[in-house]
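Please take these sequences and the hints and turn them into a complete structure.
2 protein chains.
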Amino acid sequence: MSGRPVFFVSDQTGVTAETMGHSLLTQFEGLEFRAATLPFVSSVDKAHEALRRIRAAGEESGLRPIVFGTLVQDDVREVFKAGGDILFLDFFGSFVGAMERELGSVSTHSSGRAHGIADSAAYATRIDATNYALANDDGSAGDYARADVVLVGVSRSGKTPTCLYLAMQYGIYAANYPLTEEDLESTRLPPSLQAHRAKLFGLRIAPSRLQQIRQERRAGSRYASAAQVAFETRAAESLFQRHGVPNLDTTECSIEEIAARILEATGIERRVRP
Amino acid sequence: MSGRPVFFVSDQTGVTAETMGHSLLTQFEGLEFRAATLPFVSSVDKAHEALRRIRAAGEESGLRPIVFGTLVQDDVREVFKAGGDILFLDFFGSFVGAMERELGSVSTHSSGRAHGIADSAAYATRIDATNYALANDDGSAGDYARADVVLVGVSRSGKTPTCLYLAMQYGIYAANYPLTEEDLESTRLPPSLQAHRAKLFGLRIAPSRLQQIRQERRAGSRYASAAQVAFETRAAESLFQRHGVPNLDTTECSIEEIAARILEATGIERRVRP
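Chains as they are written, first to last, in the working numbering: chain G, 5 to 278; chain X, 5 to 278.
Think of the hints as simulated: they come from the structure by calculation, not from any bench.
Mixed in with the good hints there might be a few duds.
[As the list claims (entries may be wrong)] If you want the footprint, here are the derived chain X segments under chain G, 3+ residues with CB under 8 Å: (1) 26-32; (2) 41-55; (3) 70-80; (4) 180-188; (5) 196-203; (6) 208-214; (7) 232-246.
Cβ coordinates follow ideal geometry from the N, Cα and C atoms, glycine included.
What follows is the structure, given as structure tokens:
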């Protein structure tokens, strides 16, 4: 194992530190990093323990460790600021001061506000939306009256992970409906969707990419054949056009991008923020 | 609608800007914010358009907008830096310089690195892990040989959302097994779990909280009765103790916290970073 040691240090789960750190590290191409997360560093003692581990990694590798810290307590942060041979990127320290001046208000400097259960209504919404997505996956329950959005597409176009992501990240109620061969041969909208036309959003995917995904699942099957994939992708696109269903090509998109683009295109409000 | 206008502005999905902004805003209690995400602001033209929207919200509310920006392109960032009556919290601007000096390397200043599909192996892992979690939810497929971890607990102790989160966020293969009444009356481990003892992790929950959750699902049922809930939670705890299954009380934990604590306790490596 080589590469510069990188640590995501947090007094809570480390999700914010990981997200911000990863964002910055991806800006440096061709360099190797060796990353570890140190969560729940919520006291001066734990900070010293974390710092010992960080310094040991620095000595072992011969490279100065980079530490991405989301630490709200001043005394815990001081341990890393005075931590010697590390680069400490202090997330709260960099922004909280400007926010306090702007808001004319002192921050609580207490941990566990984000990603905690503190906001229990928001938390319950995310769990409920996740259960909804599971129950309404692949057209199963078909409870579209409660849906914020119904994703429509052929098998393996990204519907299920996108619904789960919308639920867990934003508390959005997302159902999905897989277009069957019968649906694709018809010129009408599938009967169960007709009353919910305004909620529909189509996911498209390039035939070559779809074929590759399906081959990985069922090599040599009709399901994964070039002819079948070409028919399904073309018919799905016609269906979206015919019925004016807004849609998106997901071929080059990650789940986060699909979700963000759906929210942007539809104007659906996030029920919860991460 | 009142409250200070807050914008999460990004040249990509906005996930990082939302996460960092939310983390900071939760430090200010008792203040009201009106938040919106402006994703895919990837050109100077789009930056001016976003800025017009931000300024309009400022004028409407009479309060200076706060803008959390994750913008890697210098020219796009300049638009907001020169944006006048806004508080621009410049995420990349604050940290990239120090990282460039430390690493002796110039950052790419190109967007779409994080949360993109750029790292397609990592992306495929997350999707595969999500499909694995869905297939191995609630003891269904029982393909524990592939699991990184098998969560064990009574119905509604948080197993399913935690497995999905571990998969989507970290690419971890997490299965779950719901303890049945038969399992809870036995002194032995459930037969299908015996060969996978080292992978087991137990989720506990306080009886009062579990009863509340079950009442919301099936009010007045035996499933939601105080006696049943007391029996199940006690029996699950005995089972964990008897067989040395590491476990966690999830009563006060969010899904992110449960996931982070499982990783911390088990030492399972993240396969992917957010």
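- Query: Do at least three Cβ atoms from the region 26-32 of chain X come closer than 8 Å to Cβ atoms of chain G?
  - Reply: holds (count 6)
Note to self: Count the residues of the region 70-80 of chain X whose Cβ falls closer than 8 Å to any Cβ of chain G, and tell me whether that reaches three.
What the structure shows: holds (count 3)
Discussion item. Between the region 208-214 of chain X and chain G, are there enough contacts, at least three residues with CB-CB distance under 8 Å, for the coverage claim to hold?
Written reply: Coverage by chain G is violated for the region 208-214 of chain X (0 residues, Cβ < 8 Å).
Do three or more residues of the region 180-188 of chain X come closer than 8 Å to chain G, measuring C-beta to C-beta?
-> Violated, because only 0 residues of the region 180-188 of chain X bring their Cβ atoms closer than 8 Å to Cβ atoms of chain G.
Residue count check for the region 232-246 of chain X against chain G: does it reach three with CB-CB under 8 Å?
violated (count 0)
Tell me if chain G covers the region 196-203 of chain X under the three-residue, 8 Å CB rule, please? violated (count 0)
Worksheet item: Counting residues of the region 41-55 of chain X that have a beta-carbon nearer than 8 Å to any beta-carbon of chain G, does the count reach 3?
Response: holds (count 3)
Hint check: violations occur at hints 4, 5, 6 and 7; the rest are consistent with the structure.
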